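Protein chains in written order, with our numbering: chain P, 1 to 481; chain Y, 1001 to 1131.
For the record, the hints were derived by calculation from the structure and aren't laboratory data.
Since the structure is predicted, the reported quantities are computational estimates derived from the model, not experimental observations.
Cβ coordinates follow ideal geometry from the N, Cα and C atoms, glycine included.
Just to be clear, a hint being listed does not mean it is correct.
Unchecked claim - Covered, in the sense of this in silico footprint (three residues per stretch, anywhere, with C-beta under 8 angstroms from a C-beta of chain Y), are these stretches of chain P:
hint	region
1	88 to 94
2	99 to 108
3	120 to 130
4	346 to 354
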Amino acid sequence: MQRIATAFHGSRRTSDFDDTRLDGALALEDDSRVAVIGGGPAGSFFTYFLLDMAQRISMRLEVDIYEPRDFAVTGPAGCNMCGGIISESLVQHLAAEGIDLPSTVVERAIDSYVLHMDESDVRIGTPLQEKRIAAVHRGAGPRGMKEAKWRSFDGYLLDLAAGKGAHLVRGRVDDISLKDGRPVVQTQGGSPQGYDLLVAAVGVNSSAPKLFEKLGLGYKPPRTTKTYVSEFYFGQETVEKYLGSSMHVFLLHLPRLEFAALIPKGDYITLCLLGMDIDGPLVQSFLNAPEVKRCFPPGWSVPQDFCHCSPKINFQAATQPFADRVVFVGDCGVTRLYKDGIGAAYRTAKAAAVTAVFSGVSAEDFRRHYWPTCRAINTDNNIGKLIFIVTRQIQKNAHDRRGILRMVSREQQNPEGARRMSTVLWDVFTGSAPYREVFVRTLHPCFLGRFLWDIIVTTLVAIWPLHRDRAEARMRWKRAP
Amino acid sequence: MDMGGLGKVYRDGEIVVRQGEMGDCMFVIQAGQLEVLREEGARELRLTVLGKGDIFGEMALFDGGVRSATVRALGEARALTLDKRTFLRRVHEDPSLAFRILQTMSHRIRQLNGELVRLKSEQTEMAAPRG
């Protein structure tokens, strides 16, 4: 750390920067120092892309990532508490960036999901029948794991960032202040370190956002709600037998539950519940539902001791996630509603890195070049809220649920035809497409007409036994080889 | 069993893209090798062999044309498909995503230049009078 302290004292002052070179008055240049607080995906993505782009324009930057956790440790100490799904779109974007997720990190590649409702269930495959969703553990694995067969996803990304030349500081940040307009970071027992840019990638599950509130930058952390994630050990063969390479999602009529999924990993099944203030009784009601029990081996009951957590997730974005020489990326700034949080971390982190390298690090630079990415996510989340209100109504209404099942089943039986409901559900559940795009697709007259027709038919079938028998006979005939 | 392998597995000799077909996606090789073939009548000319991390099929994404060559698995290989719409939408949001594709294309132009120089040199040597 002595080397870093010396480098700071020798670095240029604000007034030395060339104001006319770029949009803003503050800009990074050779030997500028950047502090990234948090080594989760947002911090690692920011560092990786900042250094990658700086190298492309032959700019030398010094980046310190502050991350006290060791992602090689199992259990909560090395985990960022999340369901661990890398969406189809993010897998593709990362591949285009040259980041191919290896099978030493991806515990299970997913090619489909199974939608469970109280009436029945239906399997929906990826459009190309290809494994394009990655199930990972954010840390080295759940508490009590005997053998670490896969690497931590967060650890893998952090190594990529370090491979670009970043310096990892293992200390916990105790204090953040501004001195002459420059951020200063203080760790437990360390000397104060000054920087030209401070990047907050601290998520919403630590007390770190409070360190930034007191700086008087106008930043207010996002509003959050509690979710639930747990890990159940079954071993590879059992996971394969009961869940296969499908993510299992549930549309059940349980109050306060917006979304529930069982995600197959290597030796574990991850249970992920989203909604408003998920608590013990709600978890128990979910696990007792017959649709859920069918996904587990017969006679299985929840073990006495298992790894579980109740992490917070955003439902409203942070206020003012940037200032002169300070920017907030990932969950502590703006993220997507309920889905694809790692995808949002990638988008916000990269937008901030591109701004810092090519435009500048003033509040005005971030407002002009970084904020549009955050605003687009925020706007999309508002549409997402509308979609989830509709989903809640569907969960409550048996006719609507049957209509969905009928529409999806017919689409899956005819792979050559339009897959309107299947793609809408796929994108809502996997977070692969913006909510706006999903919403627009649901307004298509063919979608609405088909859905309405299927609701009418299923309602008639439900109330008219003779018609139901004929319809079932027709369906059996169609399914027959 | 490679449970974590992303993309689609192609068996030995399986065609991934065929010369002359319309293309609306590109590919990133996740594992194994694929050969790139130019079909001239009944003759097949191997242009190159691609391996893990290489991309192919990107030309059809940008020029909207047909596939310029056939790509076939050499042994078992696994490749991830990148949809045209997903990719170009993201490039519109973040043009820097195209850096790597440009880098690959630029690398291929360099290779082609080298190949052209080699062929021209051979031609000149053959045409030169022997003394």
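Here is how each hint holds up against the structure:
For the region 88 to 94 of chain P, the proposed coverage by chain Y is satisfied: 4 residues have a C-beta within less than 8 angstroms of a C-beta in that chain, meeting the threshold of three. Note: the region 99 to 108 of chain P has 9 residues with beta-carbon separation from chain Y under 8 angstroms; the three-residue rule is met and the coverage holds. Coverage of the region 120 to 130 of chain P by chain Y holds. Counting CB-CB distances below 8 angstroms, 3 residues qualify, and the rule asks for three or more. Given a C-beta distance limit of less than 8 angstroms, the hint that chain Y covers the region 346 to 354 of chain P holds, as 4 residues qualify and 3 suffice.
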